[in-house]
Amino acid sequence: MSATLEKGLNAFKEVIDAPIASYFSSCVHCGLCAEACLFHNETGDPKYTPIHKLEPLRRVWKQEYTLLGKLGKMLGLTKPVTDAELTEWEPLVYDSCSMCGRCSMVCPVGNDITYMIRKMREGMAASGHAPEDLVGATTRAVTIGSPMGIKWPAVMAQIKHVQAETHIEVPVDKEGADYLVLMSSMEIINFPEYLSALSRIFKQAGVSWTLAQDAFEATNSGIQIGASDLAREIVGRIVVAAERLKVKCVISPECGHAFTAIRWEGPNLMGKPFGFEVKHILEVLDELHTAGRIKTRGKDKRPLTYHDPCQISRRGGVVEQPRRLLGAIAEDFREMPDAGVMNWCCGGGGGVSANSRAEPLRLEAFKVKKRQIETTDVHTLVTACANCRIVMEEGLEHYHMKVDVIGLTELLVDYLVEGE
Amino acid sequence: MTINNDSEFKAALNSLPGNRQRQLAARFAESVLVLSKDVRVKNAIEAARRNDITDDELDAAYKAAKKASVDSFTRCGKECDWNSQAGHFVAQAALACFEPGKSSAWESAMHARMARTSESIATGIGTDNAETTAQYRILDKYLAGEKA
Amino acid sequence: MSHLDLLTFARGSALNWALIVFAAGIVLRLFEILGLGRKADLARPRTDSPGSGWRTIFSRTLPPPGMLKREPVTYFGGYVFHFGLFIAIFFFAPHIEFFRGMTGLHWSSLPSALVDASVVAAIVALGALLAHRLNNKVKRMLSGLGDYIAWTATMLPLLTGYMAYHHLFVEYTLMLTLHLFSVELLLVLLPFTKLFHTFSLFISRWYNGDFFGRKGVAS
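Residue numbers (my numbering), protein chains in the order written: chain A, 1 to 420; chain B, 1 to 148; chain C, 1 to 219.
Chain A with its partners taken away, still in its complex shape (with noise of 0.2 Å):
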């Protein structure tokens, strides 16, 4: 056994915990969790199916893990799990699985296969079987700090370019604000309208706001290879930030695993609760918004529809919040088909998207969203989620439709009272 294949191993055995054990036994290859995952249903190839990609770990869990299947290892009646499997498991861990989480919401037995995929990562990373591009990005993470190679001065440029605009001061480093914002490398090198639409906003909520320059970057690549030491030191980051700045609350910004990471993990991979609250850029939004501290006027007469990003929605509980903003600014809002916890994933999250390999694969995926789109019968698209956003604009581009993508905080922002 080489060296790496052994660590990929150890690491599928220390993430088995009682949950994992309990989904294995549980399991009795229905197939309906197929039937939930995208990646499957435009594809209709059945490799795709979701507690298939698992396979590898739950041969570990069998032989490490049950009398039976510990037995049968000892007299050498059970297959072991090898290098060449993982090679040809990884396009199925990384290339076919978003961690939308939809398969965890219909499976009978109450399967959470995303929450074991997560796991799994761990494994396929130590052992060396994550996706180049993957890879890229956490090495990038770790020695640049940013998995997009963002440093500070890039980020002061793009504050430079929205102060210039806003004639509004983008505080840094100051202690005591209320809030500490982070930001994703999606919205700095993409969407600057991001951060000038929060400088608006804010300046009418009357709240008190900072980067941190240390530690602006939200985006953990560590969570999407799974290797949580990294995802670790890019949370501890913004902890030491946090609270060397006393803020009390850390903003996740339009990315939908930075919440993740951030809001649900971070505390786990630290090893201790947060002394600040974590909150989503939309919830922070809508709470201003609910408390009158900012006001909208007129409405958007564009029809439109909102995406769910399923790190925010699904499996993060902002559900609600987008939709009484949009409900507030939008003329004609239109639900697309299973919009909600069960909407279907862009096709692009959890490091789909970074991952060039997949490209073909997350292009077919995307006519779920396509046919969402064309029942609803608009132009304008939002979400609020920078990675959705691109993927979507590919995907829409891929099959020719006339579709804007647009993010909340920066519609929100056209129609915000300001001034007054």
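Hints are computed from structural coordinates only; laboratory data are not their basis. A virtual CB, placed ideally from N, CA and C, is assigned to each residue, including glycine. Just so you know, not all the hints are guaranteed correct.
Unchecked claim - With beta-carbon atoms standing in for the labels, derived distance ranges: (1) A/Arg302 to C/Phe76: 41 to 47 Å; (2) C/Lys39 to A/Asp173: 54 to 60 Å; (3) A/Met270 to C/Glu97: 55 to 61 Å; (4) A/Glu85 to C/Phe9: 41 to 47 Å; (5) A/Glu287 to B/Val34: 42 to 48 Å; (6) C/Ser109 to A/Thr375: 48 to 54 Å; (7) B/Ala134 to A/Thr143: 32 to 38 Å; (8) A/Asp173 to B/Asn83: 41 to 47 Å; (9) C/Phe99 to A/Glu85: 54 to 60 Å; (10) A/Lys151 to B/Ala134: 36 to 42 Å; (11) C/Gly144 to A/Lys299: 26 to 32 Å; (12) B/Asp81 to A/Ala291: 31 to 37 Å; (13) C/Phe86 to A/Ala291: 47 to 53 Å; (14) C/Phe76 to A/Lys299: 43 to 49 Å.
Please build the complex by placing chains B and C on the supplied structure of chain A, with the hints as guidance.
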């Protein structure tokens, strides 16, 4: 009248009718065209500048600019090449030429500035908001030309 | 060995051993699962959540939105089979007598004709589920020897029980013996196959509901 700040700039732009906004947007995009290597973007901007463009040609130019824009997004997790990202914002500026609405020229100007900012991140040299001033002059010249 | 001797054996020591293996097996498997433990979740849960572990134990019995029309055979077949099996085991008078003998507890039975109809439905449903398993691409790919053994171990008590009740094929005493043997086989296999879902599904559903519930989602 010379434009000296963004409030005047934005107000002047938004007061213009659609096809004038398109031509101005094209000029702003053209100012940063050097940052893009994508011929589709160049062609789209040239099309947007024309007075005599037909609706079909507009549509075709829009589609080309859209494809150029989507192709040049930096994907989540990929290493960011700020030079390429500058090209992306040029494509966005070109795209803004074709988006109907009251502020397509302003949108284009913002994207053009971001293209310059991206370039500045790549080179490490600051911009001193040079593009902003250049845009004021473009607008001044355009409005003066209109009157003539 | 006469049929009666065989029946005495089936009712006696064979049953005792089967029950011991069944009980010990269940305890062992529960230890194997719960003994692994679960790390405490240190993230602050949402306070007003519509979801919870207990809720999901019950709610997961129903098909989630959009799923029934995708897989009607799996759902309907599953419901009819499980319901029929449940009626047969717990509401057939002779079975209730058996439970009374073992535990002292007893309850009202259902008319035998109704139980009989439930068993027929369960057998047909189980047959349909096998056919579906063999024809459906996903199920076929997922299925192995374990699935077919589990199917057989489940079908045999239903079939033999039906045949015994209706005095079909072989002499009654022998049929009853076969029925008991098939039940004993099922008892012995249950803890060590996917049939253990009978018990573990409550645990799985609870973990699932708890995980989602903390995030404010009813799963």
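These are the hints, each one checked on the structure:
1. Between A/Arg302 and C/Phe76 the C-beta distance comes to about 43 Å, which sits within the given range of 41 to 47 Å.
2. Evaluation of the 54 to 60 Å hint for C/Lys39 and A/Asp173 yields a failure: the beta carbon distance comes to about 34 Å.
3. For the pair A/Met270 and C/Glu97, the beta carbons lie near 59 Å from each other, so the given range of 55 to 61 Å is met.
4. Between A/Glu85 and C/Phe9 the C-beta distance comes to about 46 Å, which sits within the given range of 41 to 47 Å.
5. For the pair A/Glu287 and B/Val34, the supplied restraint of 42 to 48 Å holds, since their beta-carbon distance comes to about 45 Å.
6. Distance hint check: the CB atoms of C/Ser109 and A/Thr375 are about 51 Å apart, consistent with the given range 48 to 54 Å.
7. A beta carbon spacing of about 37 Å between B/Ala134 and A/Thr143 agrees with the range 32 to 38 Å that was offered as a hint.
8. Judged by the Cβ atoms, the range 41 to 47 Å given for A/Asp173 and B/Asn83 is violated: they are separated by roughly 29 Å.
9. Roughly 46 Å separates the CB atoms of C/Phe99 and A/Glu85, a value that falls outside the hinted 54 to 60 Å.
10. For the hinted restraint 36 to 42 Å between A/Lys151 and B/Ala134, the CB-CB distance of approximately 27 Å leaves it violated.
11. The beta-carbon spacing between C/Gly144 and A/Lys299, approximately 57 Å, falls outside the hinted interval of 26 to 32 Å.
12. Judged by the Cβ atoms, the range 31 to 37 Å given for B/Asp81 and A/Ala291 is violated: they are separated by roughly 42 Å.
13. Checked against the hint of 47 to 53 Å, the C-beta distance between C/Phe86 and A/Ala291 comes to roughly 52 Å, which is consistent with it.
14. For the pair C/Phe76 and A/Lys299, the supplied restraint of 43 to 49 Å holds, since their beta-carbon distance comes to about 46 Å.
In this structure, the hints that do not hold are numbers 2, 8, 9, 10, 11 and 12, in rising order.
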